[in-house]
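Build the full structure now, drawing on both the sequences and the hints.
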Amino acid sequence: MASGTAKEQLENIAGIVRHHCPVKKCYDLDLFYRGDYLGDAYYDGKKLQKKLKGIATLGCVLNVNDKVFVTVERAPERQARGRQHTKWIVVDIRPRLEDVTLNRLPSTFYENLPTKKHPIADLGYVNQLAAYQISSHFVPYDRAAELISLTRKEVVKWNGLPLHELFSIFENKKEPPYAEFVNFLGCSDGLFEFLNNYPQYFVLRDSYKTAYESDTLVYVTRRFSRSDFELFLIRNRESDGNHHHRCTYQVINTMYECKRVCDKLLRRAGRRQTPLVIAIDCEGGCLGKDEDLNLLQLSTPEGEAYLFDVMSTWRREDMFHRGKLGLILEHENIIKVFHNCFSDQAALFFQFGIIVNNVFDTSIAFATIWEQCNTTIEFVQPSLAKICATYGYPMPQKNGYIANKMKYDHEFWARRPLTADMIEYATDDVLCLVPLIYKELNRLISPLWRPLFKQRCEQRLEKART
1 MASGTAKEQL ENIAGIVRHH CPVKKCYDLD LFYRGDYLGD AYYDGKKLQK
51 KLKGIATLGC VLNVNDKVFV TVERAPERQA RGRQHTKWIV VDIRPRLEDV
101 TLNRLPSTFY ENLPTKKHPI ADLGYVNQLA AYQISSHFVP YDRAAELISL
151 TRKEVVKWNG LPLHELFSIF ENKKEPPYAE FVNFLGCSDG LFEFLNNYPQ
201 YFVLRDSYKT AYESDTLVYV TRRFSRSDFE LFLIRNRESD GNHHHRCTYQ
251 VINTMYECKR VCDKLLRRAG RRQTPLVIAI DCEGGCLGKD EDLNLLQLST
301 PEGEAYLFDV MSTWRREDMF HRGKLGLILE HENIIKVFHN CFSDQAALFF
351 QFGIIVNNVF DTSIAFATIW EQCNTTIEFV QPSLAKICAT YGYPMPQKNG
401 YIANKMKYDH EFWARRPLTA DMIEYATDDV LCLVPLIYKE LNRLISPLWR
451 PLFKQRCEQR LEKART
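The numbers in our numbering rise by one with no breaks, and the one at position 21 of the sequence shown is 21.
Simulated from the structure, these hints should not be mistaken for laboratory data.
Since the structure is predicted, the reported quantities are computational estimates derived from the model, not experimental observations.
Don't be surprised by glycine CBs; every beta carbon is placed ideally from N, CA and C.
Incorrect hints may have been included.
To be verified - Heads up, simulated BS3-like pairs for lysine-lysine below, C-alpha to C-alpha not over 27 Å straight-line:
1) K463 x K386
2) K463 x K153
3) K174 x K324
4) K50 x K67
5) K264 x K157
6) K289 x K454
7) K153 x K386
8) K157 x K46
9) K53 x K173
10) K407 x K289
11) K259 x K157
12) K174 x K67
Stated by the list, open to error - Derived Cβ-Cβ restraints for the label pairs, each shown as a range:
13) K157 x E411: 39 to 49 Å
14) F350 x Y393: 47 to 57 Å
15) E458 x G353: 48 to 58 Å
16) N196 x N63: 55 to 65 Å
17) C286 x G59: 29 to 39 Å
18) R222 x E458: 30 to 40 Å
19) A179 x R222: 46 to 56 Å
20) D290 x K53: 15 to 25 Å
21) V100 x Q273: 46 to 56 Å
22) D409 x Q455: 34 to 44 Å
23) E458 x N183: 29 to 39 Å
24) C247 x K407: 23 to 33 Å
25) R465 x T71: 24 to 34 Å
26) N404 x L231: 32 to 42 Å
Shown next as structure tokens:
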């Protein structure tokens, strides 16, 4: 990176972009400026600013003789022309971990577990189960997963980030969650106590910079591979007697039928101690504020699918208001299972004034489970087919003709009568959600991460209404 022979070394490996070298000097460079020199190369400020956002200077995270990974690229000719001393741009700097053992479970971790079946949220960390329900007295338990998620996103930019620097990043953030957590934690010691409670996500190691100054380095644990995670699901999948139950559907195109079905569901919800679970999906053009919603699908755990043809009544809003469909969507004791509720909520709110309550979004649930299981740090956006395949319930093969028509013909779902292919396509989207996918996803979200899951669902709904 900054050795005296960096230029010679880089020129000798013109075809290789990854290079290892110890840090001979720790440059105190402001990462928000472009074009500052780094040994015999200069760094790409835009790329480094994005990767190391929040870290003020390299001196905060590097010491003399630290070993790092440096990614370099050839400078574009127009840039290299004005810099005769170098033809290289430093685009990435990461620590090289040699003496730090990060937690990583082998694919056979579950073979050595005791007879008791542990929830997947623990991922076999048998010796760490005590930490599973522990939360720092600084941070409310229902906010712990949110802080874990935010911290991992910061640390992964520089694995081995000093604790004091990490706390400074939180202090300098302007977003409300960071300010709240700074108030909860108080100081870096509070952050240390919190992170130390979750060894399944963080590794803490003392680092002595000088004889008089020391700090704790924070690392994120190695990720649990997706193949191992999916193998775990296969071996621990719960059998469901309803997997092969017979499915039926009914097209609802009159106000009388709409009220009859909705009254039936409302009665069931009213006499239950636990919420009634239904699946919901909507079809239309490019669903949102402006494109018309033409069809709403609803299915029950018993395999009953109802297709509400909102275009069949005198006014499109009649089924939602006079037909009581809106009461179903707003009912607090009915869990509505959506796959990515954003566009559906936007259409329902701006076209009919419906605020959907008690939503279980399968795309958010899938992403949250991957995050709690240390499979990914990024927030993924899976397709419904991907979720079904991952949890062992493949969706019926989608009709390619309809999928292609939907891309280019925004009036496709406005055409009547509904064809057999359209009905099959619409019912498949909800019948796979309950009970199968909902049951699998719901049982795998741990108590620690469930508050964050609910918060993300609410945030998506609120964003759709703005």
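Each hint tested on the structure:
no.	hint	in the structure
1	K463 x K386	holds, 25 Å
2	K463 x K153	holds, 22 Å
3	K174 x K324	violated, 43 Å
4	K50 x K67	holds, 22 Å
5	K264 x K157	violated, 53 Å
6	K289 x K454	holds, 24 Å
7	K153 x K386	holds, 24 Å
8	K157 x K46	holds, 15 Å
9	K53 x K173	holds, 10 Å
10	K407 x K289	holds, 18 Å
11	K259 x K157	violated, 54 Å
12	K174 x K67	violated, 32 Å
13	K157 x E411: 39 to 49 Å	holds, 46 Å
14	F350 x Y393: 47 to 57 Å	violated, 33 Å
15	E458 x G353: 48 to 58 Å	violated, 19 Å
16	N196 x N63: 55 to 65 Å	violated, 23 Å
17	C286 x G59: 29 to 39 Å	violated, 50 Å
18	R222 x E458: 30 to 40 Å	holds, 32 Å
19	A179 x R222: 46 to 56 Å	violated, 31 Å
20	D290 x K53: 15 to 25 Å	violated, 35 Å
21	V100 x Q273: 46 to 56 Å	holds, 50 Å
22	D409 x Q455: 34 to 44 Å	holds, 37 Å
23	E458 x N183: 29 to 39 Å	violated, 22 Å
24	C247 x K407: 23 to 33 Å	holds, 27 Å
25	R465 x T71: 24 to 34 Å	violated, 42 Å
26	N404 x L231: 32 to 42 Å	holds, 35 Å
In this structure, the earlier hints numbered 3, 5, 11, 12, 14, 15, 16, 17, 19, 20, 23 and 25 are contradicted, and the remaining ones agree with it.
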